[in-house]
Amino acid sequence: MTEHLPALQVVVPMLAAPVCVLLRRTQAVKVFAVLVAWSTLAIAGTLLATVLDSGTISYKMGGWAAPAGIEYRVTIANAYILVLVTSVASVVLPFGLGSAGSSVPQDRKYLLFAAFLLCISGLLGITITGDAFNVFVFLEVTSLSSYALVSMGHGRRALMAAYSYLILGTIGGTFILLGVGLMYQMTGTLNVVDLSERLPEVMASRTMIVAFGFMMVGLFIKLAVFPLHQWLPNAYTYAPSTVSAFLAATATKVSYYVLARVVFTIFGAAYVFGELGLDRILIPLSLAAMFGGSVAAIYQTNVKRLLAYSSIAQIGYMTLGLSFNSLDGLTGGLVHLFNHAMMKGGLFLVVACVTYRLNSSMVDDWRGLGRRMPITMAAFVVGGLSLIGVPTTVGFVSKWYLVSAAVQQDKLVVAGAILLSSLLAVVYVWKIIETVYFKAPPEGGDPVAEAPMSMLIPTWILIGATIYFGLHTALTAGVASKAAALLLSGVP
Amino acid sequence: MTPEFAIGLSVLLPVVGMLGVLLIGERNPDAREGVTLVTTVLTLGTVLQILPGVQAGEQPGLEVLEVLPGLVLAFEVEPLGMLFALVASGLWVVTSLYAIGYMRGHHEINQTRFFACFAAAISAALGIAYARNLFTLFVFYEILTFSTFPLVTHAGTEKAKKAGRTYLGILVFTSVVFLMFGIVWTANVAGTLEFAKGGILAGKISGWRLYVLLGLFAFGTGKAALMPFHRWLPAAMVAPTPVSALLHAVAVVKAGVFTVLKVVVYVFGIDLLADTGASQWLMAVAAFTILSSSLVALTKDNLKARLAYSTIGQLSYIVLGAAMATSAGVLGGGMHIAMHAVGKITLFFVAGAIMVGAHKSEISTMDGLGRRMPWTYSAYLIGSLSIIGLPPLGGSWSKWTLLMGAAEGEHWIYMVVLLISSLLAIGYLMPVFVRGFFLPEKHDDHHDDHHGDHHAEPHEPLLCVLPPVLTAVGCVLLFVYAENLYDMLAPIVAVKGG
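Residue numbers (the numbering used here), protein chains in the order written: chain E, -15 to 476; chain V, 129 to 626.
These aren't lab readings, by the way, just hints derived from the structure by calculation. Watch out, some of these pointers could steer you wrong.
To be verified - Result set (DSBU-like, lysine-lysine): computed pairs, CA atoms no more than 35 Å apart in a straight line:
#: 1; chain 1: E; residue 1: Lys395; chain 2: V; residue 2: Lys332
#: 2; chain 1: V; residue 1: Lys488; chain 2: E; residue 2: Lys423
#: 3; chain 1: V; residue 1: Lys570; chain 2: E; residue 2: Lys423
#: 4; chain 1: V; residue 1: Lys290; chain 2: E; residue 2: Lys415
#: 5; chain 1: V; residue 1: Lys287; chain 2: V; residue 2: Lys570
#: 6; chain 1: E; residue 1: Lys415; chain 2: V; residue 2: Lys428
#: 7; chain 1: V; residue 1: Lys428; chain 2: V; residue 2: Lys290
#: 8; chain 1: V; residue 1: Lys289; chain 2: V; residue 2: Lys428
#: 9; chain 1: E; residue 1: Lys466; chain 2: E; residue 2: Lys44
#: 10; chain 1: V; residue 1: Lys290; chain 2: E; residue 2: Lys423
#: 11; chain 1: V; residue 1: Lys325; chain 2: E; residue 2: Lys395
#: 12; chain 1: V; residue 1: Lys287; chain 2: V; residue 2: Lys428
#: 13; chain 1: V; residue 1: Lys289; chain 2: V; residue 2: Lys570
#: 14; chain 1: V; residue 1: Lys287; chain 2: E; residue 2: Lys415
#: 15; chain 1: E; residue 1: Lys423; chain 2: V; residue 2: Lys428
#: 16; chain 1: E; residue 1: Lys395; chain 2: E; residue 2: Lys415
#: 17; chain 1: V; residue 1: Lys289; chain 2: E; residue 2: Lys415
#: 18; chain 1: E; residue 1: Lys423; chain 2: V; residue 2: Lys287
#: 19; chain 1: V; residue 1: Lys332; chain 2: E; residue 2: Lys466
To be verified - Stretch by stretch, here's where chain V covers chain E in the computed footprint (C-beta under 8 Å, at least three residues):
#: 20; stretch: 364 to 378
#: 21; stretch: 383 to 389
#: 22; stretch: 401 to 409
#: 23; stretch: 413 to 426
#: 24; stretch: 453 to 461
Every value quoted in this text rests on a predicted model; they were computed, and no experiment measured them. Here a beta-carbon is modelled for each residue, glycine too, at the ideal position from N, C-alpha and C.
Please model the entire structure based on the sequences and the hints provided.
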């Protein structure tokens, strides 16, 4: 049984999705989906423990060996991502389990959960597979299900947002496919291990530069690297808040892993940084994202949109870490995947709590909420402090690695820029905190009660994790640094 | 009680007290204040348990947890930290008495939040005092910033909110951009963040980088209120007076200069700075801060604002002492932490007592008030003389030692600066006293018109008068027992291997 865990990791949520459609009854679907999410977490946890213990697992799908068959390859690096995705899913899916919840009509709830499970399955597939074409397939599974998820948001704008997400996502997917196609043409294989072995022979050719270019642009779109981030703010703003929480915490993170894998494992750091000089493009783009995203966030009047722009800035930190091409840098990037997932997931769940009671995510409507929803708002404060990177929160851990990496390479200006941009987070977080705690509640509004327990518990699990993992970093930074070492070594 | 246990307990006790205060809340204010007082006394008692060992030359420590490889949350009490911990926890007892009188006399709102945040701030200050390394210090430094924010914005008015922005803006900006930069840089250059006698940077960094790194630490410690990053301190005066007294004359600002001293002594090492002259520019900045803030203080009519600018100048005495990079300079700076704390808290207590007793905050309206509030004004006189640096009061010793430090390093010009600053202090502190006793009382009808019942005789609530009198006595005691203080601090600059 346990030797089939790599397959089950993807197959369980994938098969569970149609079961949701068959079950149909909302409560039953909810409970079923939660159980599936928890089982995927158990599988991912077991896989991580196994690879930490005894090294990389190679699983041949259907017993067919590569290159004819598809290989699933579990390393420390992707087991870490598997745990990230499944643990966020395990916390977000039970959100509001007992209550009516969210803007999605009751009679279509089962579709939401089915799409959710498909999306989880796709994300896990992208991460676990050792086959370049298979990555594309799961990328499409993820994308299609997330278009559906976004479109379930409230109002017509959600449809518009899902549509532009679909267009840009398809362009990104196509670019990746073109890149994969060119690589296949030059090497005759789609297996990642084989690719990394055969590519050096053909590396000098112009085709490979083109292939790399296609891969990069496609992944930059999926990852929402500035200036290819246009799809993200609308998608996160108009999707149901729980969907925003899940996507913000996982979708871009998985794309980041694919990026790291393409750069370090398939093409190799020597080629990408030494010959092509990716860092000369990616460092300025990352800095632009960090400042541009944060400045844009400051001017937002909708909390969800504010958090979305903040995500663009945070993705800038991650890509910056990657472009240092050093152990501390990549560790910083990888640990920030986890850290950002917790804080941003938690903050979007706070928004979900508020919209459940208030039906508004406009900053202005949050006046005086500090006294009316004290527990929810305390979660916002903690999550906000984490976003700023105050010591004892996870944000500090990420920042520590990134600034260290910059200092080690004597990039003092970049180090200063990282710190300076984290200050912009103070501005946009404090804008909300002042509104919530210092302004009087709107006159004549209905009294607002605290969110129900079924929502507060998942929110506080994520928010509490931002403090816990800010102090105990063995599971996050410890594993991330092993994963970074593995990726940097170029061993597939 | 072992010193190790006492270290942990004294950081935790205020937190426990805070939870107690929050649990009791507004339901029973007397019980709530009881919890505060008991906590303060217990905390001071616990801190005192550590003292004998430190005096005997031990450095008890406690490791809490390793956050990242090399980043350890850990405490270790050395003489400078012992001094700061004593000052903070000792004056907390007095301030709590005072705060009860003040908050009730002034009918302040949200008293539960006030006492809770106060306790959190003291816990953070003790954490800073005990920090074994820069990382621990930084963690508690930031906790101190965020726990005092609700105290600064206590009134919840537009003015308080604006002051809160300035407060947080400057303190977070400097600490995140400069201080954290300096810490990460140090970690990567020196390979450690642990404070060590003689410093950890000698031979590891040179040239312009040394200057820049010192600048990152000096300006990054925004709480030291070195110009041009001093604006937050006058802004913080919008807080209730007990906050200004304990936090913005003692705990917060002293945490700043304490950090500067620690960094100079245990990270750079005074030999490195003396040999390279890397801290000479810092002396100039400190001297500029001393003189210009004293001049600004002369122009302020609001008593608390005047005291705030006076504090900015006095803090730079300590920065100046550190930047001299001489042993007497460092010791003088260390002593000044205690001397200035006790003197300045007295003055703030008086400012608050006048506000509660006579409803006056502008100096020009306080004519003749001294005859009616004799105890308060006597305490004011003693506190002022100590700040000015006249015997037989504590302030004279620290100023004397600082002058010695300047002489030791042959920084003659800075001796002149210190002397001029004393004259300026006479200029801004004495008029309050002189007006109070020697000018006839003004009967201004335009003032306090809406407070009809306040025209009655100024009263001195016991809990507002007793604390300044106690701290005034403290100024005298510090003069008498200054030697003990000096002896305790002396090992921090003792020659290695001697």
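| task | May I ask which of the numbered hints given earlier this structure violates, with the numbers listed in increasing order? | result | 3
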